[in-house]
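**Student:** Read top to bottom, the protein sequences are chains A and B. The numbers in the first sequence follow the working numbering, run straight up by one, and end at 1255. The numbers in the second sequence follow the working numbering, run straight up by one, and end at 1255.
Simulated from the structure, these hints should not be mistaken for lab results. Be careful, since some hints might not be right.
[Claimed, not checked] Below, in silico cross-link-like pairs of lysine-lysine (BS3-like), each with a Cα-Cα straight-line distance of 30 Å or less:
1. Lys925/A to Lys925/B
2. Lys1017/A to Lys1161/A
3. Lys880/B to Lys1017/B
4. Lys1026/B to Lys982/B
5. Lys982/B to Lys982/A
6. Lys1017/A to Lys982/A
There are 2 protein chains.
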Amino acid sequence: MADRLAKMKDDAGSHSPSLLTLREQLPELEISVDACFISNPYATQLFLDYFKEELLDTGAIRDVLEFYPSQNQVIAALLAGHLGIAEDRVFVGNGAIEIIQAVIHNFAKRRILVTLPTFSSYYEFAEGRVDVVFHTLRKGDDFKLDPHEYLAKVAETDPDVVTLINPNNPDGSYFSYEDLQTILRGLPPDVTAIVDESFIHFAFEDLNLDIRSIIAECEEFPNLVVVKSMSKDFGIAGIRAGYAVMHPERIAALLRNGFLWNSNGLAEYFFRLYCRSDFLERYDIVRKQYILETQLFYRQLAKVAGVKVYPSMANFALVEILGDVTADEVMQHLLVRHGVYVRTCSDKVGLDGEFLRIASRGLRENQRIIDALADVLGPLPQ
Amino acid sequence: MADRLAKMKDDAGSHSPSLLTLREQLPELEISVDACFISNPYATQLFLDYFKEELLDTGAIRDVLEFYPSQNQVIAALLAGHLGIAEDRVFVGNGAIEIIQAVIHNFAKRRILVTLPTFSSYYEFAEGRVDVVFHTLRKGDDFKLDPHEYLAKVAETDPDVVTLINPNNPDGSYFSYEDLQTILRGLPPDVTAIVDESFIHFAFEDLNLDIRSIIAECEEFPNLVVVKSMSKDFGIAGIRAGYAVMHPERIAALLRNGFLWNSNGLAEYFFRLYCRSDFLERYDIVRKQYILETQLFYRQLAKVAGVKVYPSMANFALVEILGDVTADEVMQHLLVRHGVYVRTCSDKVGLDGEFLRIASRGLRENQRIIDALADVLGPLPQ
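If we strip away everything but chain A, and leave its shape as in the complex, we get (with noise of 0.2 Å):
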């Protein structure tokens, strides 16, 4: 079993197998849990709702199925009203994982610094075509990215390109808006910015649980460019749908050569969604319902013993195991005793130690995580 979880895991790359591919390929295995999975799952119930009501109950899902969606401005032209931004600022892309692509290959003509931990796609998308730097977070600053060491990193690496995600994959770390605010005005602006605000809406700075975004700022700085999945925060990654802020001219470099029909029916479905104050408001409950939950789970399984959780304003934490066991024993512990299926971190590139990172599902699959480690990591029955 452990052989061919790690083959499957070399198949996938730096990234996890799909539930659906793990479940071909060991069909033996009882999943119950994707803890693996970072997404809101009472945002997919919600969704779920719209899609029932007004798509199939009306018969429109054919429409949505058999025509062509709206060309990537028309869509773009619509988010910008409910970003309240101009209309030539706003990207649309087959989720952020297209922009993420599209930004790098075309923007990034000489360096790129990364920040470690990260998600691989922003190194690996540039490897080959540009020179690849890093930043790497330590553990004993909980992963938490000081501003002003990190400008002193761009001016010693000369990059062309930085990336940051806040909060940070994998490890849930967040700097505030007033550190962004830091760091764009401190970097030179000929230095494009891409920040990746995919998780921002599980962030927090007080306890009204407000997002702060930075699309706010992208008039001030013209090499900001904001990435943002909509697949973690509304629970719908299977419809492949995000969108990035970013200059007009960006934007028009872009759309000049391609990325014209790049949306789907359900996601031009989503967009309009997304822009509508009735599906807003129940979303923004869910949302905070979610956020407390996730909260309060990293806080329980901070108690299991034998692990350590870092402080996490995403919907994931990272949790370093601190006994003689590795990351990928637990992982597959838990996913063959307990059918808990979790991300094994031994990949991550910047990680010393043994970590996991474990999603917040809904409130019972947290719990029977909690379970499932304690029992994992718990003494060996007599």
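We have chain A already, so just place chain B on it with the hints.
**Tutor:** Chain B alone, transformed into the frame defined by chain A:
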């Protein structure tokens, strides 16, 4: 109305505004037939039957929308099995349009030879990146490509990439399997040949109506790149599904820096259906039914006074307006007076005359198109 239509057309570039955009911006229009839209409506219904039974009735739709789809290579491996070729020869795209973009951006380094008239993205995605040169098909030849004349043009213009659509868009002209082999054998081996077979399921060489795809020859011709949209033949443009067959080294080069998760959940569901014999058997029935109705439609369309219908092996025909009226005027009258939406070709490069591209829909809709066209082009009522 004419001004507003012209403005919408301008906004959509060298494509037509979608039905959704049209309905939103001109809500007073009643559109009864979208003959701008080129897809098999019977195949859409077949897909919807499966979709309802397997995803909606079972509740499996939640997994499709919530979870990440499989990675590119996983879906490619499934398709390769169905196509009977090696799995490292298949590349999956978010619609054929993503593949056209990827292939042109990555493989065209110097000069691209594009056959005219054509689908505009073939030159638009290249413009400003590489030289674009054209090989113009003549209406006096029914837009039929002559393989020897074509090879002479290749020798004369010295491109590194050539593009061929078979059957061609927007005229529906078809070159035989044998002619295509002649071209592939005659091309210098370092010239990449992009052959777009997005409409090949509607073409036939004998009364069995079998599909004659050049994919089978991909091992013999390492410079061949076959592009295939699923939107037209399967009637699922909203899902965005396409694939390409090409040399393994080209696919490895594309996957090295991107295109990791470019399918959505419904596209993956469709691709899995596309590999199932029960689905394919039913599909082949609706494919042949649609071909027969389509060819009948063209014969009836040709009887309308004042038009010339060019021979087509696609699911649309190029219709020349012979009188003193422009294609734009006929398009507007069809839309406003009859709710019939057709594609004006006034923006198509390389067409000398006034042309509409009219898609075949269901039997009843096709009759409405004929009646509407006869009315618009007929003598004014006394």
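**Student:** So, for every hint listed, does it hold in this structure?
**Tutor:** Hints, verified against the model:
1. Lys925/A to Lys925/B: holds, 12 Å
2. Lys1017/A to Lys1161/A: Holds, at about 24 Å.
3. Lys880/B to Lys1017/B: violated, 33 Å
4. Lys1026/B to Lys982/B: holds, 19 Å
5. Lys982/B to Lys982/A: Answer holds: Lys982/B to Lys982/A is near 17 Å, not above 30 Å.
6. Lys1017/A to Lys982/A: holds, 28 Å
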